[in-house]
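Quick mapping for you: the protein sequence lines, in order, are chains A and B.
Quick note on our numbering: the first sequence kicks off at 1 and runs consecutively.
Quick note on our numbering: the second sequence kicks off at 1 and runs consecutively.
Hints may be right or wrong, so weigh each one.
When chains are identical, the list treats them as one kind, so a pair holds in a single copy or across two.
[As the list claims (entries may be wrong)] Calculated lysine-lysine pairs in the DSSO-like style (CA-CA distance at most 27 Å, straight line):
id, residue 1, residue 2
1, K225, K245
2, K225, K310
3, K238, K104
4, K225, K238
5, K317, K104
6, K215, K15
7, K104, K15
8, K193, K133
9, K317, K133
10, K15, K289
11, K238, K190
FYI, nobody ran anything at the bench for these hints, they're computed from the structure.
Number of protein chains: 2
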Amino acid sequence: MITFNDILEARERIKGVAHRTPVLTSRQFNEQSGCEVFFKAENLQRAGAFKFRGAYNKIASIPDNERRRGILAYSSGNHAQASALAARIFGIPAVIVMPHDAPKIKVAGTRGYGAEVIFYDRYTESREGTGEKIAAERGLTIVPPFDDYQIMAGQGTAALELLEDVPDLEYLLICCSGCGLLAGCAVAAKHIKPDIRIYGVEPEAANDTWQSMRKGEIVEIPVPKTIADGLQTSAPGKLTFPIVKQLVDDILLVSDDELIDTMRFILERMKVLVEPSGAAAAAAVRHRKLDLAGRRVGVILSGGNVDLEKLCGYLTK
Amino acid sequence: MITFNDILEARERIKGVAHRTPVLTSRQFNEQSGCEVFFKAENLQRAGAFKFRGAYNKIASIPDNERRRGILAYSSGNHAQASALAARIFGIPAVIVMPHDAPKIKVAGTRGYGAEVIFYDRYTESREGTGEKIAAERGLTIVPPFDDYQIMAGQGTAALELLEDVPDLEYLLICCSGCGLLAGCAVAAKHIKPDIRIYGVEPEAANDTWQSMRKGEIVEIPVPKTIADGLQTSAPGKLTFPIVKQLVDDILLVSDDELIDTMRFILERMKVLVEPSGAAAAAAVRHRKLDLAGRRVGVILSGGNVDLEKLCGYLTK
Chain A
1 MITFNDILEA RERIKGVAHR TPVLTSRQFN EQSGCEVFFK AENLQRAGAF
51 KFRGAYNKIA SIPDNERRRG ILAYSSGNHA QASALAARIF GIPAVIVMPH
101 DAPKIKVAGT RGYGAEVIFY DRYTESREGT GEKIAAERGL TIVPPFDDYQ
151 IMAGQGTAAL ELLEDVPDLE YLLICCSGCG LLAGCAVAAK HIKPDIRIYG
201 VEPEAANDTW QSMRKGEIVE IPVPKTIADG LQTSAPGKLT FPIVKQLVDD
251 ILLVSDDELI DTMRFILERM KVLVEPSGAA AAAAVRHRKL DLAGRRVGVI
301 LSGGNVDLEK LCGYLTK
Chain B
1 MITFNDILEA RERIKGVAHR TPVLTSRQFN EQSGCEVFFK AENLQRAGAF
51 KFRGAYNKIA SIPDNERRRG ILAYSSGNHA QASALAARIF GIPAVIVMPH
101 DAPKIKVAGT RGYGAEVIFY DRYTESREGT GEKIAAERGL TIVPPFDDYQ
151 IMAGQGTAAL ELLEDVPDLE YLLICCSGCG LLAGCAVAAK HIKPDIRIYG
201 VEPEAANDTW QSMRKGEIVE IPVPKTIADG LQTSAPGKLT FPIVKQLVDD
251 ILLVSDDELI DTMRFILERM KVLVEPSGAA AAAAVRHRKL DLAGRRVGVI
301 LSGGNVDLEK LCGYLTK
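All chains, full assembly: derive it from the sequences and hints.
Rendered as structure tokens:
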């Protein structure tokens with residue numbers, strides 16, 4: 001379990017390194033969705049997603065003599081870039097294990113931060129297996145994408161900042177995949193405001209956490225197909241799920257078409273770019289998956305790393 | 001002429017109504033352009049462009065008994081929407097005179113703010129003539145797009161805010177068309193920091209201000225062809241140009257391809273949407289139209305109103 005104090009410590013570690021991202025609002029979004037929404041723009045975070053908070057906090061908390069040998073991360077994209085950038089800031093080697101079909105922009109971004117990229121086939125190989133073997137051989141510390149207390153504590157700083165900027169939120173909606181962001185933010189938000197209601201949001205096809213919440217234990221699904229490439233994990237984490245089960249009210253589901261509609265609105269009217277996963281929490285509000293009439297709602301725009309060719313494919317289809 | 005005090009008064013009028021837009025930075029933009037750039041994100045301004053500052057300041061400074069009868073603006077673009085929104089905030093009628101073949105999306109946007117749209121035939125009628133006739137008949141106050149001291153003073157608040165956030169700027173680059181933004185910002189910036197260097201930026205095809213600066217008097221050109229639809233005026237203003245001539249160091253020129261390259265970088269890496277005109281000042285830095293090596297440079301991202309189908313056409317061509 002993590003405590004609010006872990007999140008305060010994470011905040012001190014990332015201070016001056018991670019961006020304190022702005023909170024955006026849109027009168028038109030509010031009018032159309034019938035509530036007042038405050039968007040935490042983690043797509044404007046360094047390396048383009050909230051992931052930098054956790055990765056940097058994790059790497060900063062590795063003992064110096066271990067950290068020096070380098071880190072290894074396995075990720076479909078945003079955690080890869082975040083870990084590569086954090087490693088570069090510490091001046092240490094980074095190996096990133098990525099699926100062979102990861103978005104080009106994410107592979108290029110990861111290499112651009114100086115990391116070595118090693119591919120695996122996401123439909124036939126386990127990324128953990130591939131990663132652990134290389135880490136053992138080279139003496140690298142693994143920086144997991146979500147199932148780690150320092151990662152969760154880092155991600156929780158996003159909710160901490162949002163509630164400092166907008167203290168009287170009644171609801172908080174956060175996309176979930178492995179649930180590192182959701183768990184970390186839930187710990188932060190429930191400590192600051194115990195009566196806040198917290199909802200996770202998943203694509204309909206990637207409803208592993210939704211199923212797990214209903215069953216009361218972790219349910220694993222086959223690798224789901226959705227345009228939200230950041231939300232394609234098959235199960236919530238062993239460390240994250242107990243926190244989600246305890247603190248999160250429920251999980252909401254959105255379709256790929258609802259993600260595209262929401263990305264379009266956010267780009268066209270709010271002038272910021274979110275990736276499909278980054279639009280999930282906003283899509284749940286916009287497409288009224290919950291009765292939020294008249295409420296003050298926090299939404300995390302989790303990331304903005306999307307190939308522009310893919311983006312234009314979505315927008316013009 | 002306007003003074004710094006006019007800009008301070010404008011700031012008081014727009015306070016709490018216009019957004020105080022954030023200042024964005026990008027390490028990668030800096031690395032690639034060899035200087036340190038601070039982007040004032042007016043694409044995140046209300047109605048999607050800096051134009052709201054001037055339109056609101058102008059309407060706020062009309063005596064109450066005149067303002068009550070309503071305003072009239074002629075524009076097919078950002079000034080139309082900004083004036084319509086400002087009028088709606090004051091609860092007064094707004095008439096916007098637009099060319100009969102204006103893009104439907106801009107007509108819809110303007111009507112969306114509650115304005116009455118009146119069309120004129122751009123091949124047989126003058127918009128000023130049409131506008132003045134209607135304004136006289138209905139007793140409406142004209143809100144000009146740039147050639148007005150209250151408009152300039154409103155636009156100048158963008159530079160005022162930028163220099164408050166980043167006091168030690170050495171250069172300031174601003175796109176110019178009718179030069180309302182450039183003139184207003186030049187007055188603000190030169191008062192705050194007399195040794196700052198100020199450059200206007202135009203598309204190569206729309207070089208009316210560049211020509212005017214060289215000749216020392218206003219040069220009028222035929223309506224230019226450029227993708228920067230916000231920078232298509234044929235001459236700087238009678239009131240704006242003397243200020244530009246006195247305070248601005250020079251005008252820089254960028255090509256349409258350089259605008260597209262810069263829009264792409266800003267969208268892909270910085271995750272914000274700018275329209276072609278909105279990328280002009282950034283394009284001049286990115287494509288090294290001036291020796292800025294090691295300097296601290298302010299750039300105004302003037303607007304973000306671009307049709308997404310058009311955007312995707314630019315990005316995939």
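Hint check:
no.: 1; hint: K225 x K245; in the structure: within (25 Å within a copy, 59 Å between copies)
no.: 2; hint: K225 x K310; in the structure: within (16 Å within a copy, 29 Å between copies)
no.: 3; hint: K238 x K104; in the structure: neither (30 Å within a copy, 50 Å between copies)
no.: 4; hint: K225 x K238; in the structure: within (23 Å within a copy, 60 Å between copies)
no.: 5; hint: K317 x K104; in the structure: both (21 Å within a copy, 19 Å between copies)
no.: 6; hint: K215 x K15; in the structure: neither (39 Å within a copy, 52 Å between copies)
no.: 7; hint: K104 x K15; in the structure: neither (30 Å within a copy, 43 Å between copies)
no.: 8; hint: K193 x K133; in the structure: neither (43 Å within a copy, 59 Å between copies)
no.: 9; hint: K317 x K133; in the structure: neither (42 Å within a copy, 44 Å between copies)
no.: 10; hint: K15 x K289; in the structure: neither (35 Å within a copy, 36 Å between copies)
no.: 11; hint: K238 x K190; in the structure: within (21 Å within a copy, 59 Å between copies)
Checked against the numbered hints above, the structure violates hints 3, 6, 7, 8, 9 and 10; every other hint is satisfied.
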